[in-house]
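Asker: Generate the whole structure from the sequences, applying the supplied hints.
Sequences listed follow chains P and Z, in order.
Taking the numbering used here, the leading residue of the first sequence gets 1, the next gets one more, and so forth.
Taking the numbering used here, the leading residue of the second sequence gets 1, the next gets one more, and so forth.
FYI, nobody ran anything at the bench for these hints, they're computed from the structure.
Just so you know, these numbers come straight off a predicted model, no measurement behind them.
Take the hints with a grain of salt, since some may be wrong.
Said to hold, decoys possible - Mimicking PhoX-like on lysine-lysine, the simulated pairs with C-alpha atoms at most 25 Å apart in a straight line are:
id	chain 1	residue 1	chain 2	residue 2
1	Z	K60	P	K328
2	Z	K67	P	K186
3	P	K198	Z	K7
Claimed, not checked - Partial pick of chain Z residues on the chain P-facing surface, computed with a CB cut under 10 Å:
id	residue
4	Q69
5	P75
6	K101
7	V105
Ideal Cβ positions, reconstructed from N, Cα and C, are used throughout, including at glycine.
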Amino acid sequence: MMKKLSGARIVIEALIQENVKVIFGYPGGAVLPIYDELFKQNKIRHILVRHEQAAVHAAEGYARSTGKVGVVLVTSGPGATNTVTGLTDAMMDSVPVVCISGQVPTHMIGNDAFQEADIVGITRPCTKHNYLVKEISKLAESIHSAFHIAKNGRPGPVLVDIPKDIQTFETKYGGKKHTKSFAFYKPHTKPSFDTIVKFVNLLEKSKKPIFYVGGGVINSGSRASLYLKKLLKITGFPCTQTLMGLGATPTSDDQFIGMLGMHGTYEANLSMNKSDLMICIGARFDDRITGKVSGFSPKSKKVHLDIDASSFNKSVNVDLLIQGDLSKILEMTLKYIENKRISFSKEKISAWWIQINKWRAKNCLNYKNSKSIIKPQYALQRLDFLTKHLDPFITTEVGQHQMWAAQFLTFNKPKHWMTSGGLGTMGYGLPAAMGVQIAHPKDLVIDVAGEASILMNIQEMSTIKQYRLPVKIFILNNHYMGMVRQWQELLHGNRLSESYMDSLPDFVKLAESFGATGLRISKPGEMDDLIKEMIKIKGPVICDVVVDPKENCFPMIPSGSTHDQMLLGPNDKLEGEISEEGMVLV
Amino acid sequence: MTESHSKHILSIMVDNEPGVLARIVGLFSGRGYNIESLSVSEVDSDRFLSRVTVVTSGTKNIIDQIKAQVRKLIPVHNLIDITELKSFIGKELILMKLDIKQKTVLKIHKHIKNIGAKILFEDKTVIIIEFSGTPTEISGLIKKMKVYNIVELTRSGLVSMALGKDYIRR
Numbered sequence: 001m002m003k004k005l006s007g008a009r010i011v012i013e014a015l016i017q018e019n020v021k022v023i024f025g026y027p028g029g030a031v032l033p034i035y036d037e038l039f040k041q042n043k044i045r046h047i048l049v050r051h052e053q054a055a056v057h058a059a060e061g062y063a064r065s066t067g068k069v070g071v072v073l074v075t076s077g078p079g080a081t082n083t084v085t086g087l088t089d090a091m092m093d094s095v096p097v098v099c100i101s102g103q104v105p106t107h108m109i110g111n112d113a114f115q116e117a118d119i120v121g122i123t124r125p126c127t128k129h130n131y132l133v134k135e136i137s138k139l140a141e142s143i144h145s146a147f148h149i150a151k152n153g154r155p156g157p158v159l160v161d162i163p164k165d166i167q168t169f170e171t172k173y174g175g176k177k178h179t180k181s182f183a184f185y186k187p188h189t190k191p192s193f194d195t196i197v198k199f200v201n202l203l204e205k206s207k208k209p210i211f212y213v214g215g216g217v218i219n220s221g222s223r224a225s226l227y228l229k230k231l232l233k234i235t236g237f238p239c240t241q242t243l244m245g246l247g248a249t250p251t252s253d254d255q256f257i258g259m260l261g262m263h264g265t266y267e268a269n270l271s272m273n274k275s276d277l278m279i280c281i282g283a284r285f286d287d288r289i290t291g292k293v294s295g296f297s298p299k300s301k302k303v304h305l306d307i308d309a310s311s312f313n314k315s316v317n318v319d320l321l322i323q324g325d326l327s328k329i330l331e332m333t334l335k336y337i338e339n340k341r342i343s344f345s346k347e348k349i350s351a352w353w354i355q356i357n358k359w360r361a362k363n364c365l366n367y368k369n370s371k372s373i374i375k376p377q378y379a380l381q382r383l384d385f386l387t388k389h390l391d392p393f394i395t396t397e398v399g400q401h402q403m404w405a406a407q408f409l410t411f412n413k414p415k416h417w418m419t420s421g422g423l424g425t426m427g428y429g430l431p432a433a434m435g436v437q438i439a440h441p442k443d444l445v446i447d448v449a450g451e452a453s454i455l456m457n458i459q460e461m462s463t464i465k466q467y468r469l470p471v472k473i474f475i476l477n478n479h480y481m482g483m484v485r486q487w488q489e490l491l492h493g494n495r496l497s498e499s500y501m502d503s504l505p506d507f508v509k510l511a512e513s514f515g516a517t518g519l520r521i522s523k524p525g526e527m528d529d530l531i532k533e534m535i536k537i538k539g540p541v542i543c544d545v546v547v548d549p550k551e552n553c554f555p556m557i558p559s560g561s562t563h564d565q566m567l568l569g570p571n572d573k574l575e576g577e578i579s580e581e582g583m584v585l586v
Numbered sequence: 001m002t003e004s005h006s007k008h009i010l011s012i013m014v015d016n017e018p019g020v021l022a023r024i025v026g027l028f029s030g031r032g033y034n035i036e037s038l039s040v041s042e043v044d045s046d047r048f049l050s051r052v053t054v055v056t057s058g059t060k061n062i063i064d065q066i067k068a069q070v071r072k073l074i075p076v077h078n079l080i081d082i083t084e085l086k087s088f089i090g091k092e093l094i095l096m097k098l099d100i101k102q103k104t105v106l107k108i109h110k111h112i113k114n115i116g117a118k119i120l121f122e123d124k125t126v127i128i129i130e131f132s133g134t135p136t137e138i139s140g141l142i143k144k145m146k147v148y149n150i151v152e153l154t155r156s157g158l159v160s161m162a163l164g165k166d167y168i169r170r
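Answerer: As structure tokens, this is what we get:
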């Protein structure tokens, strides 16, 4: 005889069945029964955050660094609405997250009850799917379905809203195996064979190919990275990666020609522009990548490999679509190449490589270093040099520091780079770093931050203290919302409206007040010692690196421009005015 | 790019569960797509399935994007673009309330008979008629009846079906 369990208990049992080890959350009235059940068990560890937004970002960091589903538990009303930014972030960056929220009891729903919010309505557009569990009989099914949906197909966040009375009602629970119909969602994962044949044909014919690799490769799993590495080797083609794709294959590889897009390298963007074959793998032709769509890679044939059909032909029309799980597509491609004994002549693309190397020789990431003031690029170069051998996990906030981190750090393994790409959420990096550190307690986790972004979720220092998380926070402090200032300089007549960060805290004292170590430097000569000391310290550290307040991030493709209209440095002037069309772009 | 817009009838089979219509409508409004007509009702009470018919318009790319986005919704079982099938029918139902006066009543009756509409209710002051037809026929009817005093009217939105055996599977 199966025993009857309370809804709250079923939640915990179902999470255990889903192999959940950690959840990030914050208690409140409408989830008390679940917190009570959490208290009575020891299989799931609960991490108490200090703000629900941070719970979601932490779950994202956990998910992105492990490939598992990140889990969040929050209360109704404000607890739930605080997750909206995090859920939207996870939606945009395809991160598998399950968020369980408490809700007022079913008979109170719609009554404007205390701490009631229509969170299923609010999160409908920012989740992959969501559930309001109105009957206890549907509870287990909803939770197992949530996990199934979050991690299959293109991953994303799923919210399960559970009214308080449902948490106290009782029903039988036979485990995941006996929960009916949770696996109805079956995304298309197997590519058709003839598209693979066409794909290889295009690869064979191309003289100016480029692999354009996105975060989908990382989401597909380590096998996809392995196959892609192999395909790169066999073909000898150049490869660029998006912000989300960094580390999909090692960025130290010679075939890697840098990140592409608005702040991508000269060689990557020009290769995209002049190529005759573009192979987009798990990326989505985002506006940060394409620039002005009408001038985007005008002469290339385009192949798009993706699991999500809605990514096809969304902003850029492509010539060949291959829908499926990337690791399957790449595996089938390799097998076909092997079976047909196809070899790729390096000669065919040698002129292309000569051209690319000419672009490379521009050394577009070059900057004018200084002996008296720390250049942010220099700080990151030293950070990279002194930590590379440790394969650190890097998270970032959003802005100039994020772009510099993408440009100057090395990513040799997938799942080691966590940044808010699609939504651009300031305040992402610190909680994400917590999630990463929880998943990898022994590894070096660094949040590359700006002094403005870090303040958006600074309360999480308290979480870091409580769980003794040795997260290293590397603040490039330039006293400005740097990216905002850069755009104001470039597009708004240098009127620096509200972008100066006045009244900053003393980050050293702030660190100390949370039991962490605070370090501050302002001279380039102190850089290496600071980084070495930061690594040596066992606990959490805030490094306040006072950098050149005026430095800007280059190369840059101004909005509304094409890949061959890049600004390479502060002395590059815009050709004429930015068009009105460009001005309204974000 | 000036691509031609065309009208499409999408027939969508969905789980009949709370919020499913909001998901579809929210997707259209959130992504800036048009809804020209919408009709929805349960069609299979054993499997709790509803059929939603949306009339929308856009360029080929937009229509493809709409279809891909709708298909991604979890409660959506199937979507068929009826306009892409060889042959189909589309019908709409209209109820119309007309103000009647002594001098017009005969004329109205004659008119109703001519177009094949049905009288649902009639008293000394108003007459309510029912008519079903293609959207063009319905618009034609409204135009014709405008000479009388239309008190109110309501339209069901288009419902549509393919001819032959191409039916919408689950």
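Asker: Once the shortest beta carbon distance from Q69 of chain Z to chain P is found, is it less than 10 Å?
Answerer: Given a least distance of 5 Å, the restraint on Q69 of chain Z holds.
Asker: Does the structure keep K67 of chain Z and K186 of chain P at a Cα separation of 25 Å or less?
Answerer: holds (17 Å)
Asker: Would the pair K60 of chain Z and K328 of chain P pass a check requiring their Cα atoms to be no farther apart than 25 Å?
Answerer: Violated: K60 of chain Z and K328 of chain P sit about 29 Å apart, past 25 Å.
Asker: If you take the shortest Cβ to Cβ gap from V105 of chain Z to chain P, is it below 10 Å?
Answerer: violated (47 Å)
Asker: Any CB of chain P closer than 10 Å to the CB of K101 of chain Z?
Answerer: violated (46 Å)
Asker: For the pair supplied as a hint, K198 of chain P and K7 of chain Z, is the alpha-carbon distance within the 25 Å limit?
Answerer: Judged against 25 Å, a Cα distance of about 33 Å means the pair is violated.
Asker: Would the stated hint for P75 of chain Z survive a check requiring a Cβ distance to chain P of less than 10 Å?
Answerer: holds (8 Å)
Hint violations for this structure: numbers 1, 3, 6 and 7, all remaining hints satisfied.
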